[in-house]
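**Student:** The chain contents come next:
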Amino acid sequence: MKIRLTTGPLDPWAEVSTYQQEQASIAGQFGATAVFVGTMRQLNQGDAVRAMTLEHYPGMTEKYLEKVSNEAGERWSILDSLVVHRVGNLLPDDPIVVVAVWSAHRADAFDACRFIIDELKTRAPFWKQETTINGRRWVEKNT
Amino acid sequence: MKIRLTTGPLDPWAEVSTYQQEQASIAGQFGATAVFVGTMRQLNQGDAVRAMTLEHYPGMTEKYLEKVSNEAGERWSILDSLVVHRVGNLLPDDPIVVVAVWSAHRADAFDACRFIIDELKTRAPFWKQETTINGRRWVEKNT
Amino acid sequence: MSISVKYFASIRERLNRSEESLAAEGICTAGEVWVRTTGEALPANVLVAINQEHARAGDTVQDGDEVAFFPPVTGG
Amino acid sequence: MSISVKYFASIRERLNRSEESLAAEGICTAGEVWVRTTGEALPANVLVAINQEHARAGDTVQDGDEVAFFPPVTGG
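Residue numbers (our numbering), protein chains in the order written: chain A, 27 to 169; chain B, 27 to 169; chain C, 1483 to 1558; chain D, 1483 to 1558.
These are computed hints drawn from the structure, not numbers from a lab. Keep in mind that a hint or two might mislead.
To be verified - Only some residues are given here: those of chain C computed to face chain B with a beta carbon under 10 Å:
| id | residue |
| --- | --- |
| 1 | Lys-1488 |
| 2 | Leu-1529 |
| 3 | Gln-1534 |
| 4 | Glu-1535 |
| 5 | His-1536 |
| 6 | Arg-1538 |
| 7 | Glu-1548 |
| 8 | Ala-1550 |
| 9 | Phe-1552 |
| 10 | Pro-1554 |
As the list claims (entries may be wrong) - One-sided excerpt, in silico: chain C residues whose CB lies under 7 Å from chain B:
| id | residue |
| --- | --- |
| 11 | Phe-1490 |
| 12 | Ala-1491 |
| 13 | Ala-1531 |
| 14 | Ala-1537 |
| 15 | Val-1555 |
| 16 | Thr-1556 |
| 17 | Gly-1557 |
Said to hold, decoys possible - So the derived label-pair ranges between C-beta atoms look like this:
| id | chain 1 | residue 1 | chain 2 | residue 2 | range |
| --- | --- | --- | --- | --- | --- |
| 18 | A | Gly-161 | B | Thr-148 | 48 to 54 Å |
| 19 | A | Thr-148 | B | Glu-48 | 31 to 37 Å |
| 20 | C | Ala-1506 | B | Glu-92 | 24 to 30 Å |
Cβ atoms here follow ideal geometry from the backbone N, Cα and C, with glycine treated the same way.
Please take these sequences and the hints and turn them into a complete structure.
**Tutor:** This is the structure we're talking about:
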């Protein structure tokens, strides 16, 4: 299980691939991997978004994501999970978050992956501030 | 939308990454990508599996996967989808299939991705033959 | 013209052939194709496709059709 | 010892500060921390964390605690 926050560019597929190769103990055990990637869109609520800043609560964010990942492991039969979330400055089309779950079977992988991203979206202390042609604005509604 | 069968090694993360980069028209449009990867396990029904051969019905397989991908596009709001399935000889830990769905929002991406892999698993004309210490056997039950 | 018949996986192995051609005379359904080529009744767990689409044993086949028989699928 | 108070995102900008320290005397709840530092009642849409865990305005705080106030989250 791993949680990582990063200010640099995030390549979700490389993150998943690298992490999976490092976890020698699950090789041959997992039959299913479910992955979700959240990416910055150009449009939000009808306005063209030029850039975004992602603020978070250092310490609490990691703590909360660990708690959610642990809870996923208690509720479903999974072998491993990975959450990488970007913070700081982003541009449209930049990946923001990747959640990956490895399991023997697909139902557990899907359910746990969806649980983690749903909890992350609704409860983890991240805040988006968008820059549009009209200036900066805090995103007030989660999507 | 793309369907591909391959007899060579399958790198699911490279497949998704490359395909996404090629689809310039969806850049900035998708906020959510849901991916499922099916991987060969070492154990199936309690026996150590040394190798596997995946047979398929050339022509019908592609047709059926296209039909399912189109149906996913009718049922959910998605921007694009990719299905790559390996056939021929495989070893434990080899990826077998990757399904990826791009959408503006995550519920559509998850639902469509799960629909495609569920239909693929239950209806697409693929058949697994395993080699264990006791010889070869056809897999009779889907997992 | 004739009916093209294909067999896959354990069915192919048991019948020891992967495809054959069959004169269409007197054949109405996919199930009758099986009876004609194998000399046995179509087992309940054998699936049928006509022209590469899922079908039922009772579905009609015509001259030129491709009919396939295979066990339950186990892909992905 | 004292209570460490943190503010995030639009709350931080509106109050024009990101953190401060507050003497714990006479303070029982997280909501009271807000009242003491801002001079206003805690708005319903301001969320609270105590020691980096989600909490409610009425939850008890103690000397040495870290209390944070922030708007609804919008991550991922």
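**Student:** Could you run down the list of hints and mark each one as holding or not?
**Tutor:** Hints, verified against the model:
1. Using the Cβ-Cβ criterion of 10 Å, the hint placing Lys-1488 (chain C) at the interface with chain B is satisfied: the shortest such distance is roughly 7 Å.
2. A hinted interface residue such as Leu-1529 (chain C) counts as satisfied when its beta carbon comes closer than 10 Å to some beta carbon of chain B; here the least separation is about 8 Å, so the hint holds.
3. Among the interface hints, the one on Gln-1534 (chain C) holds; its C-beta lies about 4 Å from the nearest C-beta in chain B, closer than the 10 Å criterion.
4. At its closest, the beta carbon of Glu-1535 (chain C) sits 7 Å from a beta carbon of chain B; the interface hint therefore holds under the 10 Å criterion.
5. For the restraint placing His-1536 (chain C) at the interface with chain B, the shortest Cβ-Cβ distance is roughly 7 Å, inside the 10 Å limit, so the hint holds.
6. For Arg-1538 (chain C), the suggested interface contact is broken, since its CB lies about 14 Å from the closest CB of chain B, more than 10 Å.
7. Checking Glu-1548 (chain C) against chain B: minimum C-beta separation of about 9 Å stays under 10 Å; hint holds.
8. Below 10 Å, beta-carbon pairs count as interface contacts, and Ala-1550 (chain C) has one with chain B at about 6 Å; its hint therefore holds.
9. With 10 Å as the threshold, the beta carbon of Phe-1552 (chain C) comes within range of chain B, its nearest partner Cβ sitting at about 6 Å, so the hint holds.
10. Contact between Pro-1554 (chain C) and chain B, as hinted, is supported at the beta carbon level, the nearest pair being about 7 Å apart and thus within 10 Å.
11. Because the closest C-beta pair between Phe-1490 (chain C) and chain B is about 6 Å apart, less than 7 Å, the hint holds.
12. A distance limit of 7 Å between C-beta atoms decides the matter here; for Ala-1491 (chain C) the minimum to chain B is near 4 Å, and the interface restraint holds.
13. About 6 Å separates the beta-carbon of Ala-1531 (chain C) from the nearest beta-carbon of chain B, less than 7 Å, and the hint is met.
14. Look at Ala-1537 (chain C): its Cβ only gets to about 11 Å from chain B, farther than 7 Å, so that hint breaks.
15. The beta carbon of Val-1555 (chain C) is positioned within 7 Å of a beta carbon in chain B (closest approach about 6 Å), and the interface hint is therefore held.
16. With a least beta-carbon distance of about 4 Å to chain B, the hint placing Thr-1556 (chain C) at the interface is held under the 7 Å criterion.
17. For the restraint placing Gly-1557 (chain C) at the interface with chain B, the shortest Cβ-Cβ distance is roughly 3 Å, inside the 7 Å limit, so the hint holds.
18. As the Cβ distance of Gly-161 (chain A) to Thr-148 (chain B) is approximately 52 Å, the hint placing it in 48 to 54 Å holds.
19. The hinted range of 31 to 37 Å is satisfied by Thr-148 (chain A) and Glu-48 (chain B), whose Cβ atoms lie roughly 33 Å apart.
20. Distance hint check: the CB atoms of Ala-1506 (chain C) and Glu-92 (chain B) are about 29 Å apart, consistent with the given range 24 to 30 Å.
Violated hints for the displayed structure, listed by number in ascending order: 6, 14.
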